[in-house]
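A.B. asks: Working from the sequences, and respecting the hints, build out all of it.
Number of protein chains: 2
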Amino acid sequence: MAKIFNTQTKIGVLGGGQLGRMLHQSAINLNLDLRMMDPAANAPCASLIKRFTVGDLENYDDVYNFGRECDLLTIEIEKVNIEALKKLQSEGVKVFPQPEIIEIIQDKRVQKQFYQDNDIPTAPFVLTENLEELKQHKEKLPAVHKVGKGGYDGRGVQMIRSEADIEKGFDAPALLENLIPFKKELAVIVARNESGEIDAFPPVEMVFHPEHNLVEYLLSPAVISKEQKEKAIRVAKDVIEKLGMVGILAVEMFLTKDDEILVNEVAPRPHNSGHQSIEGNFTSQYDQHLRAILDLPLGNTDIKIASAMVNLLGEDGYTGEAQYEGMQEIMRINGVHVHLYGKATTKPFRKMGHITITDPNLESLRIKIHQVKEMIKVKA
Amino acid sequence: MAKIFNTQTKIGVLGGGQLGRMLHQSAINLNLDLRMMDPAANAPCASLIKRFTVGDLENYDDVYNFGRECDLLTIEIEKVNIEALKKLQSEGVKVFPQPEIIEIIQDKRVQKQFYQDNDIPTAPFVLTENLEELKQHKEKLPAVHKVGKGGYDGRGVQMIRSEADIEKGFDAPALLENLIPFKKELAVIVARNESGEIDAFPPVEMVFHPEHNLVEYLLSPAVISKEQKEKAIRVAKDVIEKLGMVGILAVEMFLTKDDEILVNEVAPRPHNSGHQSIEGNFTSQYDQHLRAILDLPLGNTDIKIASAMVNLLGEDGYTGEAQYEGMQEIMRINGVHVHLYGKATTKPFRKMGHITITDPNLESLRIKIHQVKEMIKVKA
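In order, the protein sequences belong to chains E and B. Note that the UniProt record's numbering has the first sequence beginning at 1, numbered continuously upward. Note that the UniProt record's numbering has the second sequence beginning at 1, numbered continuously upward.
Simulated from the structure, these hints should not be mistaken for lab results. Note that the structure is predicted; figures quoted are calculated from it, not measured. Please note: incorrect hints may appear among the correct ones.
No copy labels: a pair is met if it fits in one copy or bridges any two.
As the list claims (entries may be wrong) - Computed cross-link-like contacts, DMTMM-like style, restricted to lysine to aspartate or glutamate with a CA-CA straight-line distance of at most 25 Å:
id, residue 1, residue 2
1, Lys351, Asp117
2, Lys50, Asp33
3, Lys50, Asp62
4, Lys237, Asp107
5, Lys50, Glu69
6, Lys373, Asp295
7, Lys347, Glu194
C.D. replies: Written out as structure tokens, the structure reads:
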């Protein structure tokens, strides 16, 4: 490759939240010129990025006008105006991930259909157009009802355990998915650059609280067999290859009781399940995303050290200016890495930051995770 | 400790070069509000820091006016106006490292005297006021002549091998230091927070080219015995404790043929010899500096993975807009981490960036170092 490395490419990022912050930290290493647009004037990146534009990511004109000034556009959230991106692409702006792929992923119904059409293992499902149609699928219950468009961070997903729950379903285009009894929930971040090179990070595992049935923390690497690991990576590579996507793709998966891997859903951008790669892997997901969209060689995804990631959520019952209780105490623990997202106000369960803990010993890592979760509280 | 962690402290940094860039990357993790002053409007941090002031770091008014808006001041270069810092300190602004300590370090003669007065091992020396005085110390030759004030990055240091070289000496207050036959040149970065907690990073080693007698790369950890390592750390801790300094201090040392540790010189700030800590250690020197000046608990300095650091210098014979040849090639090598400093123009031997290489295997690490040095060139 006789290419000259060019740090002058004008890279636009749609979205200026916490993922944008960490992408920016990586971009500084390559002296890349990131500009960002976000609807919130006080978004996490607003104070960091000199060329920060306030604009509506779903508005054609806002996205088009922002993108016109860029050589390359990427996203840190997938709720963006696709038509503007297609127009920009037709005018020579590189858009990675490609608009057609964001469009597939934006609608969970289309996404599921894509898996089915492309022999990508996923839970069986039926499409429902409204509540009336949902009622005709009583035989599938218990099942999960997912709205096609607009769901985000747990919203737009409803467990329908029995007939009595049907009224909680969505009276809008949605899908009803079989409830999968799974052993583990895994995620694999996979990257593909413009030249077609593909590489995946080792799978990570969402560890659930034994009683509350909520994700407690993320563990890297996932504690699974070599065969399970290889299968998970194979599936993730298959998804990005069949999509033909450029950039990074977070593939969330279920490892079923029968050791099958089923794709749950994907995100075509840096993802919550890859934060620990900053400290835990040779290349971070943010580095890898930049390498992929700039058509640089992909970086080594190997794990440097085992790690866990705990989301730092606003404490229930507190709304207002964020105060971090217990910060000094957790910073005394070896291997604790604090990432605050620069959000001035906290509210219940708002993602205010995350804590990565690195430790080569899994037992002491687990002890530290519980210490950190006990000690740190975001209050107001 | 019942302290509330406060991200609102207004932190001013004197200097906005490459060290400031990496300090800024660390500061983002704690959502700290850094503002910077540098004489160059196109300094490496100028495009990154929203509150960036152009000002003369050695001018009283510029430093004072910048510092007045801050709660806490720190430095990324030690050539700063001390009187303004003392005034600010007297008015309640925290200044770390403390002005009195920067003052000692600014003048190599005072620095050496401090070592002598405090039983810190250092090479024997005599003070010279001018060239005339230098001529009276012929019996000490070969020796090294170092100017007291204003030397930087190799300037202000002159080898005086024999009488014939005396005219190359400094006709200004300087010191003449015995030439020490050393086995290795080491550096230890040591931190002290306001509460007096002290911790040191494992020693690193400057590896010299076997023929050219120039530093070729930095190796972490240094390949020395446990006793040598402990001695180096003991000396570094002794220096920071006797200075009573808050912040991080890079202590450059000689390991003599007789296994003595002699302090060469120190820098009271993040330093070139600590760059590899970003990827190689649990805590980076930048994280540690912030922890120290904010009186947070010091982080774990252990090595996560062995690493080497190669400075990326402007190629001899090229001046102008920087072009990075071989970037794609080095990015294919596992464990290569590129840090560009955002300098638009290159000139011969200008520090344009650095490359850290992480690899648990020392042999393959050395091979990669040589590959990287061969492949990457900064031209114009």
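A.B. asks: Give a verdict on every hint.
C.D. replies: For each hint, the structure was consulted:
no.	hint	result
1	Lys351 with Asp117	neither (35 Å within a copy, 53 Å between copies)
2	Lys50 with Asp33	both (10 Å within a copy, 15 Å between copies)
3	Lys50 with Asp62	both (18 Å within a copy, 24 Å between copies)
4	Lys237 with Asp107	within (21 Å within a copy, 59 Å between copies)
5	Lys50 with Glu69	both (15 Å within a copy, 21 Å between copies)
6	Lys373 with Asp295	between (39 Å within a copy, 23 Å between copies)
7	Lys347 with Glu194	neither (40 Å within a copy, 33 Å between copies)
Checked against the numbered hints above, the structure breaks hints 1 and 7 and satisfies the rest.
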